[in-house]
Amino acid sequence: MKGMTMTSKPGLLARMLGRGSRAPVVASLAAAVLNQPLLVQPTIGEALVGGYLEGKVSSDDSVLKADRFEVSGSDEQPVGVAQNLIGVINLSGAMVNRPMPGASGPGPVSYAAVRDTFDELLNDDAVTSIILRLDTPGGMASGCFDLVDHIFEARGRKPMYALVDDHAYSAGFALASACDEIWISRTGGVGSVGVVCYHHDWSGNNAQIGLKVTPLFAGARKVDFNPNFPLSEEAHAEAMADLEDMRTLFVDTVARNLGMDAETVRATEAGCYRGQTAVAVGFATRLGTWHDLIAHVSASEAAAPLAPGDPDPDEDQEATATPQVPDASPTPPAAVVENAAAELAAAVACSDLPPALAVAVLRRPPQAGEPAACAIEYAAAVQDACAAALRGDDTLAASFIEKNTDLDTVRAQLLSMKAEEGRNTQVITAHPASMADQRAADVKAQLNPNHIYKQRGN
Numbered sequence: 003m004k005g006m007t008m009t010s011k012p013g014l015l016a017r018m019l020g021r022g023s024r025a026p027v028v029a030s031l032a033a034a035v036l037n038q039p040l041l042v043q044p045t046i047g048e049a050l051v052g053g054y055l056e057g058k059v060s061s062d063d064s065v066l067k068a069d070r071f072e073v074s075g076s077d078e079q080p081v082g083v084a085q086n087l088i089g090v091i092n093l094s095g096a097m098v099n100r101p102m103p104g105a106s107g108p109g110p111v112s113y114a115a116v117r118d119t120f121d122e123l124l125n126d127d128a129v130t131s132i133i134l135r136l137d138t139p140g141g142m143a144s145g146c147f148d149l150v151d152h153i154f155e156a157r158g159r160k161p162m163y164a165l166v167d168d169h170a171y172s173a174g175f176a177l178a179s180a181c182d183e184i185w186i187s188r189t190g191g192v193g194s195v196g197v198v199c200y201h202h203d204w205s206g207n208n209a210q211i212g213l214k215v216t217p218l219f220a221g222a223r224k225v226d227f228n229p230n231f232p233l234s235e236e237a238h239a240e241a242m243a244d245l246e247d248m249r250t251l252f253v254d255t256v257a258r259n260l261g262m263d264a265e266t267v268r269a270t271e272a273g274c275y276r277g278q279t280a281v282a283v284g285f286a287t288r289l290g291t292w293h294d295l296i297a298h299v300s301a302s303e304a305a306a307p308l309a310p311g312d313p314d315p316d317e318d319q320e321a322t323a324t325p326q327v328p329d330a331s332p333t334p335p336a337a338v339v340e341n342a343a344a345e346l347a348a349a350v351a352c353s354d355l356p357p358a359l360a361v362a363v364l365r366r367p368p369q370a371g372e373p374a375a376c377a378i379e380y381a382a383a384v385q386d387a388c389a390a391a392l393r394g395d396d397t398l399a400a401s402f403i404e405k406n407t408d409l410d411t412v413r414a415q416l417l418s419m420k421a422e423e424g425r426n427t428q429v430i431t432a433h434p435a436s437m438a439d440q441r442a443a444d445v446k447a448q449l450n451p452n453h454i455y456k457q458r459g460n
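With the numbering used here applied, the sequence shown corresponds to residues 3 to 460, in that order.
Because the hints were derived from the structure by calculation, they are not lab data. Worth double-checking, as some hints may not be accurate.
[What the hints assert, rightly or not] Cut-off 16 Å, straight-line C-alpha distance, at most; resulting in silico cross-link-like pairs (EDC-like, lysine to aspartate or glutamate): (1) Lys-160 with Asp-127; (2) Lys-67 with Asp-121; (3) Lys-160 with Asp-137; (4) Lys-160 with Asp-148; (5) Lys-224 with Glu-236; (6) Lys-214 with Asp-203; (7) Lys-67 with Asp-118; (8) Lys-224 with Glu-240; (9) Lys-160 with Glu-122; (10) Lys-67 with Asp-137; (11) Lys-160 with Asp-121; (12) Lys-67 with Glu-122.
[Claimed, not checked] Computed spacing ranges between beta-carbons, pair by pair: (13) Pro-367 with Ala-264: 38 to 44 Å; (14) Ser-234 with Asp-121: 40 to 46 Å; (15) Ser-401 with Lys-214: 48 to 54 Å; (16) Val-225 with Asp-386: 50 to 56 Å; (17) Asn-207 with Glu-271: 19 to 25 Å; (18) Leu-409 with Ala-348: 33 to 39 Å; (19) Asp-386 with Ala-243: 33 to 39 Å; (20) Pro-356 with Glu-246: 16 to 22 Å; (21) Gln-415 with Asn-125: 57 to 63 Å.
Beta carbons are placed, not taken as given, at the ideal position from N, Cα and C, and that holds for glycine.
With the hints as extra help, turn the sequences into a complete structure.
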């Protein structure tokens, strides 16, 4: 038993509670995240969840803070009792359904706390606008959509903005989509409209330490997902069906909130988008920083809020007030890009392109001076070329489109791929089997007791 790492199991980590001011809220969090649907961006979310479970992240690393700022103020200093305030909810870190207090403090940010803070600002007559400032990889599925619906239903009472700096993935993006506008920094990220679930199989570790677990149960499905046993095929199928249902709920919610087609949202396949690409795809309203948004809200407090994809009323007012003089005031480059992206998005929505190709067109690098109709024609031509080469899978066509590969190169690569398949079929079939046999032999040799003793120096 010497040298065993006891921090690998949340049940053992729970013993850390009360042993230090920064001990994590391990037991309750482990029960919440294992074998439960999660709305998290994998790379960041998995690391954060693992950090909580292993005691490397404490509740001090998750922050929920509400501030009030004067609309006309030029700095970020909170004020006392005043009229015309901007209410700001600063949400950082992973999210859970209900509060999980423990020895280390309040625990991760909870949807319940976000709702209470949101309602406080919504019912405060001095607060004229609400900003949800997000930096989160997501969190639990449980409780997320109830909060999203609650925020969405409050639209129209006060302007509500989501500011993404630096990322709002999965559950965080669901919250952002409920607001009237989504502002995103150039390096900010949104998306990951998908669901993930983790089953920890400790049976191999149990066998190594000589631990045998015998389940005594009534009901064939009673011990499904128990971490002491491998996941059965039936339990795996049930979990996948549940995740797909949850994904449909997520897709439909985002599509409703952003005014997008559900199949277009689904076609993103939980992809993540940054900056201008997020705007082009329809997952954000516009680029902007904290200071940009504060200036916008201060200058247009009385203006009606935008929904993602709607035209900017500020630009409409300027067009009405200023006579149209050819070449008198050239359009700023940023505005040109934004208008072109909106035109392209509208054209894609009206096209017959499959969802995967529609998303690829929106992710394709902007082409200066190219009409939206030409972009649609280009995508259709790539699709036809792939189909003619008996490669009708939209994934390959989408890859060509996103990289803006010209048609001649597309055709040349397709022909090359067909020729390469014909030459190498036998080699590709035989080679992996040989490598697999070699790897199996190596593993068997390493497990030989004589080899193990020799390595130990016995």
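Status of each hint after checking the structure:
no.: 1; hint: Lys-160 with Asp-127; result: 10 Å, holds
no.: 2; hint: Lys-67 with Asp-121; result: 14 Å, holds
no.: 3; hint: Lys-160 with Asp-137; result: 23 Å, violated
no.: 4; hint: Lys-160 with Asp-148; result: 20 Å, violated
no.: 5; hint: Lys-224 with Glu-236; result: 12 Å, holds
no.: 6; hint: Lys-214 with Asp-203; result: 14 Å, holds
no.: 7; hint: Lys-67 with Asp-118; result: 12 Å, holds
no.: 8; hint: Lys-224 with Glu-240; result: 13 Å, holds
no.: 9; hint: Lys-160 with Glu-122; result: 13 Å, holds
no.: 10; hint: Lys-67 with Asp-137; result: 12 Å, holds
no.: 11; hint: Lys-160 with Asp-121; result: 12 Å, holds
no.: 12; hint: Lys-67 with Glu-122; result: 12 Å, holds
no.: 13; hint: Pro-367 with Ala-264: 38 to 44 Å; result: 27 Å, violated
no.: 14; hint: Ser-234 with Asp-121: 40 to 46 Å; result: 44 Å, holds
no.: 15; hint: Ser-401 with Lys-214: 48 to 54 Å; result: 49 Å, holds
no.: 16; hint: Val-225 with Asp-386: 50 to 56 Å; result: 53 Å, holds
no.: 17; hint: Asn-207 with Glu-271: 19 to 25 Å; result: 33 Å, violated
no.: 18; hint: Leu-409 with Ala-348: 33 to 39 Å; result: 24 Å, violated
no.: 19; hint: Asp-386 with Ala-243: 33 to 39 Å; result: 36 Å, holds
no.: 20; hint: Pro-356 with Glu-246: 16 to 22 Å; result: 20 Å, holds
no.: 21; hint: Gln-415 with Asn-125: 57 to 63 Å; result: 60 Å, holds
Hint compliance for this structure: hints 3, 4, 13, 17, 18 are not met, and every other hint is.
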